[in-house]
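So in numbering that gives the first Met the number 0, the last one in the sequence shown is 528, and the numbering has no gaps at all.
Read the hints as simulated data drawn from the structure, not as lab findings.
Heads up, some of the hints might be wrong.
What the hints assert, rightly or not - Calculated cross-link-like contacts (lysine-lysine; reagent style DSS-like; alpha-carbon spacing at most 27 Å):
| hint | residue 1 | residue 2 |
| --- | --- | --- |
| 1 | 94 | 113 |
| 2 | 496 | 201 |
| 3 | 481 | 496 |
| 4 | 98 | 113 |
| 5 | 263 | 481 |
| 6 | 44 | 98 |
To be verified - Restraint ranges, calculated between C-beta atoms of paired labels, are given here:
| hint | residue 1 | residue 2 | range |
| --- | --- | --- | --- |
| 7 | 146 | 106 | 26 to 34 Å |
| 8 | 471 | 147 | 27 to 35 Å |
| 9 | 45 | 159 | 21 to 29 Å |
| 10 | 496 | 13 | 20 to 28 Å |
| 11 | 67 | 184 | 14 to 22 Å |
| 12 | 496 | 308 | 52 to 60 Å |
| 13 | 185 | 497 | 25 to 33 Å |
| 14 | 21 | 497 | 38 to 46 Å |
| 15 | 85 | 490 | 25 to 33 Å |
| 16 | 278 | 201 | 29 to 37 Å |
| 17 | 3 | 106 | 49 to 57 Å |
| 18 | 96 | 282 | 43 to 51 Å |
| 19 | 472 | 25 | 41 to 49 Å |
From the three backbone atoms N, C-alpha and C, an ideal C-beta is built for every residue, glycine too.
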Amino acid sequence: MTNTETLCMSCMTDIGKNLICPDCGSQPHKNRNVVALPLKTLLNKRFLVGRVLGDPGGFGITYLVWDMLLDTTAAIKEFLPLSSVSRHADNSSVKVNSKKDQDYFNQGLRIFLKEAKILAQFSHPNIVRIRDCFTSNNTAYLVMEYHQGAPLNQLIESSGGYLTEDRALEIILPILDGLDAVHSKGFLHRDIKPQNIYITNKGVPLLLDFGASRFALAGTDQTLTVMLSGGYAPFEQYHEKGRQGPWGDIYSVGATLYFMVTGKKPASAIERQQHDSLVPPIVHNPALSESFSLAIMQAMSVDPLARPQNVNAFKQILTGSSYLLPTKAPIPAALDATEVSPVVSRNKSDRQSVIIQYQAKKSNWSFGRVFLYMALFSVLLFGWGKQQMSEDTNNKSTVVLNSSQPEIHEPNMMVNRIITDDEVEPVSPESEVTEYSEDVKLDQPFNLPRQDKLMHEPKHVEIMPPLPAHAPDFAVAACKYKSVHAHCRFDTPRGVKNGVCLQMNNEQLACFPDRPPLPPPRFRQSRQF
0 MTNTETLCMS CMTDIGKNLI CPDCGSQPHK NRNVVALPLK TLLNKRFLVG
50 RVLGDPGGFG ITYLVWDMLL DTTAAIKEFL PLSSVSRHAD NSSVKVNSKK
100 DQDYFNQGLR IFLKEAKILA QFSHPNIVRI RDCFTSNNTA YLVMEYHQGA
150 PLNQLIESSG GYLTEDRALE IILPILDGLD AVHSKGFLHR DIKPQNIYIT
200 NKGVPLLLDF GASRFALAGT DQTLTVMLSG GYAPFEQYHE KGRQGPWGDI
250 YSVGATLYFM VTGKKPASAI ERQQHDSLVP PIVHNPALSE SFSLAIMQAM
300 SVDPLARPQN VNAFKQILTG SSYLLPTKAP IPAALDATEV SPVVSRNKSD
350 RQSVIIQYQA KKSNWSFGRV FLYMALFSVL LFGWGKQQMS EDTNNKSTVV
400 LNSSQPEIHE PNMMVNRIIT DDEVEPVSPE SEVTEYSEDV KLDQPFNLPR
450 QDKLMHEPKH VEIMPPLPAH APDFAVAACK YKSVHAHCRF DTPRGVKNGV
500 CLQMNNEQLA CFPDRPPLPP PRFRQSRQF
């Protein structure tokens, strides 16, 4: 059993007789937070209180504790609405400031405990797990799993002030999975912001602080003034009778994403209601894709009806998976988002609320294949011309062409349409023989292979066929929290392969090599230039 007398209250490491912890560098008796419980306070005859985790919020304080029963660390959140209560002289028990605050505190305490019992039923890898709850010191406490790591806002600060689009999606998509599990049970978070998203040392994002957000159901003016986080709270949360739903949490996630990729906190919904001057994130960070920027702006619409109404709808527009890749013809090159850096209009009336589908990034093999076709075309043209010159010199025969044969086009003419398999004239094996039989009657029409069509046939670019409906588990896992066209890597018996995340027929993303294998040429569709 661990000797609690020699534990470092900052990291719960046994430091022995050292004055400074060798692991975290903290001194064992440094000053505590003025509103927090004293260090080494024993809660519920089991939990030894250590340092404060993060900053005290409007509804409570979270501590690092040592579980003396399980001999491990944990985190405990104390219900402490600072606007209504304070500490007694013993610095442990809680007292209500006035009779007016008593009803407010009692109602909040009931909601805090009720929601804790319900949230303890959730078991999701991206939601902090609640292990227990109890009452003590005239208030209530939640016991949660403790993970080493840092809040999202600290991660952003240490990463240069903002994150890339791919990194932001790797964090926010798992959070949306956890949020969807909460919504499916009929609950809302109502306080999503960078400070309430925690990134563990293993890189797992966790959604925190459910207990505080649930207190908003008390429905008093005092609750509203304490609970709302400026810049991240939707407009309807500023009104007691505002229509609440998953779309409110989606607004908060969109605002969090805005901060993640720009490093700038968005204006509050109240300010935007009067004059919406919110600049699209792509203006601050031109490296963002336009569809990603527009998805954030749609999630942050002041009007709740203009936002995605549930988590799945938001995930689809955020990753681009709500629009399937074209299989008949590619998007014209002029619309390719990889060619130019798009800029979204600053004028609200000019912004569109639709999400633009992007063409997959063009790979280098397309130009090379066209060049190869041109080389083959030149060889065939040279061979055919040499054969015609030989036949004219020998004067062996004169071939009469069918008068119904179509007119030969000039080489510079282009046909701007798709050629289907039904339009291509089949060539029998006998027509490919270059040595003609002696008994051929030259006074009858003779159908040669359509060499005029071959000579002037426009260049083709092959269209990637539809992707399969299923892929190996390792390919699906490589794109679990990525968007369409994002880069990915997966292990194979031949080593690590680089690829791109593409959507299969079952709408699931999977990691494919840079260019999936094509079927035989006769099954491919072509587009003429």
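Verification of the hints:
1. 94 <-> 113: Judged against 27 Å, a Cα distance of about 21 Å means the pair holds.
2. 496 <-> 201: holds, 23 Å
3. 481 <-> 496: holds, 17 Å
4. 98 <-> 113: Status holds; Cα separation ~23 Å.
5. 263 <-> 481: holds, 23 Å
6. 44 <-> 98: At roughly 31 Å apart (the allowed maximum being 27 Å), residue 98 and residue 44 break the hint.
7. 146 <-> 106: 26 to 34 Å: At roughly 31 Å between Cβ atoms, residue 106 and residue 146 fall inside 26 to 34 Å, so the hint holds.
8. 471 <-> 147: 27 to 35 Å: Cβ of residue 471 to Cβ of residue 147: about 33 Å, so the range 27 to 35 Å holds.
9. 45 <-> 159: 21 to 29 Å: About 42 Å separates the Cβ atoms of residue 45 and residue 159, which means 21 to 29 Å is violated.
10. 496 <-> 13: 20 to 28 Å: violated, 46 Å
11. 67 <-> 184: 14 to 22 Å: violated, 33 Å
12. 496 <-> 308: 52 to 60 Å: violated, 38 Å
13. 185 <-> 497: 25 to 33 Å: Between residue 185 and residue 497, where Cβ atoms are some 43 Å apart, the hint is violated.
14. 21 <-> 497: 38 to 46 Å: holds, 42 Å
15. 85 <-> 490: 25 to 33 Å: Between residue 85 and residue 490, where Cβ atoms are some 57 Å apart, the hint is violated.
16. 278 <-> 201: 29 to 37 Å: holds, 35 Å
17. 3 <-> 106: 49 to 57 Å: violated, 36 Å
18. 96 <-> 282: 43 to 51 Å: holds, 46 Å
19. 472 <-> 25: 41 to 49 Å: holds, 44 Å
Hints 6, 9, 10, 11, 12, 13, 15, 17, counting from the list given before, are not met by this structure.
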